[in-house]
Amino acid sequence: MTFYRQVGSIPPKRHTQHRRPDGGLYAEELVGEEGFSSDSSLLYHRGIPSAIVDARPWELPDQTLTANAPLVPRHLKLHDLEFKDADPVTARRLVLGNADVRISYAVSTEPSPLYRNAIGDECVYVERGGATVETVFGALTVGQGDYVIIPRTTTHRWIPTGPEPLRTYAIEASSHIAPPKRYLSRYGQFLEHAPYCERDLRGPVEPMLAEGTDVEVYIKHRGGGSVHVVPEHPFDVVGWDGCLYPYAFNIADFEPITGRVHQPPPVHQVFEGANFVICNFVPRKVDYHPLAVPVPYYHSNVDSDEVMFYVDGDYEARKGSGIGKGSISLHPGGHSHGPQPGAVERSLGVEFFDETAVMVDTFRPLDLGEAGLASDDGRYAWSWSGRGPAA
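Residue numbers (the working numbering): 1 to 391.
These are calculated hints, taken from the structure and not from any lab test.
Don't take every hint at face value.
[Said to hold, decoys possible] Derived lysine-lysine pairs resembling BS3-like cross-links, with alpha carbons at most 30 Å apart:
1) K77 with K285
2) K325 with K84
3) K84 with K285
4) K285 with K319
5) K77 with K13
6) K325 with K77
7) K181 with K285
[Claimed, not checked] Beta-carbon label-pair distances, calculated as ranges:
8) T213 with D377: 44 to 52 Å
9) L191 with A55: 41 to 49 Å
10) L184 with T66: 16 to 24 Å
Computed from a predicted structure; not experimentally measured.
We treat Cβ as the ideally placed atom computed from N, Cα and C, and that holds for glycine.
Turn these sequences into a full structure, and let the hints steer you where they fit.
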């Protein structure tokens, strides 16, 4: 994220002495992307950020992937998955994945352990409920409809708040996740045609100065998982500045781009990573040409798998398929898809779509995780023809 931010106590010039009230030096840490060649932030710790006193393996939740074979579109019913005494990190169940991105789901009521993902950035969508996300940069208060972007290696934890369980849809990259380049100037400012801007982003506003010794941090990394025990609490940062930090953006602040005829999915894009994009569909006025067809035309995903998570509203194109809130549709590359039978005629003359959905398009095939296999309705592939292999 290239929007500069400054929080807490920092020295006037970087890489210079920054002393504690007792005269000792704070430890300066650079957190940066692409070595020293891209966005970064400088954090000032009371303790030494490299210090550990113990380490042990962490057995990750089931990461097994199964090929989508034979190739068929699928309807995955995430609300049918079971979670008990779960937290938003260690209880994530893998729905879909490939080498570039992994999509997981969790329903939780318990706080997560301290955690960092050393593989890539995370984009976590809050479907329902609320939480405080405590991070080494400071805290974020998040709720329904928020995307939470957490840069790689950011130590953080999720603390569910409020009366209802926290439902989170986690998109974990093997790369960085950022606003689309076409929305940004060459210096990183959001351009006038972008559907959101800096004012819509919520970052930490003050340091978190937690106390504690021999604190456990769960780490997901290349090769598996580990737990590090650190001598001082990692939330010991008195100040930081830079252009790399966690932030939240609410889907309701996305300004939809509409036209006289149906607009293609790229107008709904909100973020991008290596070999995938994230789009969202929000309540909006639809096509206003007198002969417009508001629902999508049939299209073949030649280069991508399309994953749609149906969050709220009444999704016009999928009526009659069994898809509803909490559903995922997987439309794989190599299969033409589009509106369900009758949806085109029903949509004619409609002026407004009341629908909210989060879409991930990947440019390499997606495999099914254990939660994807467990939540597959087994019928969706036949919903356009009205008959299946046993008919």
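Exercise. Given the proposed pairing of K285 with K319, does the C-alpha separation stay at or below 30 Å?
Worked result: Judged against 30 Å, a Cα distance of about 19 Å means the pair holds.
Exercise. Has the given pair, K77 with K285, been kept, meaning a C-alpha gap of at most 30 Å?
Worked result: Distance ~28 Å between K77 and K285 Cα, so the pair holds.
Problem set entry | Given pair status - K285, K84, alpha carbons within 30 Å | Not satisfied, since the Cα-Cα distance of roughly 40 Å exceeds 30 Å.
Exercise. Regarding T213 and D377, is the given constraint of 44 to 52 Å on their beta-carbon distance met?
Worked result: holds, 50 Å
Exercise. Straight-line Cα separation of K325 and K84 no greater than 30 Å?
Worked result: holds, 21 Å
For this session: May I ask you to test the hint 41 to 49 Å on the CB atoms belonging to L191 and A55?
Result: Roughly 45 Å apart at Cβ, these two residues keep to the hinted range, so it holds.
Exercise. Holds or violated: are the alpha carbons of K181 and K285 at most 30 Å from each other?
Worked result: holds, 26 Å
Exercise. Is it true that the CA of K325 sits at most 30 Å from the CA of K77?
Worked result: Measuring from Cα to Cα gives roughly 9 Å; hence the hint holds.
For this session: Note whether the CB distance of L184 and T66 lies within 16 to 24 Å or breaks it.
Result: Once the Cβ atoms are compared, 38 Å apart, the range 16 to 24 Å for T66 and L184 is violated.
Problem set entry | Pair hint K77 and K13, alpha-carbon separation not exceeding 30 Å | Violated - the C-alpha atoms of K13 and K77 are around 53 Å apart, more than 30 Å.
Hints 3, 5, 10 from the list above are not met by this structure, while the remaining hints are.
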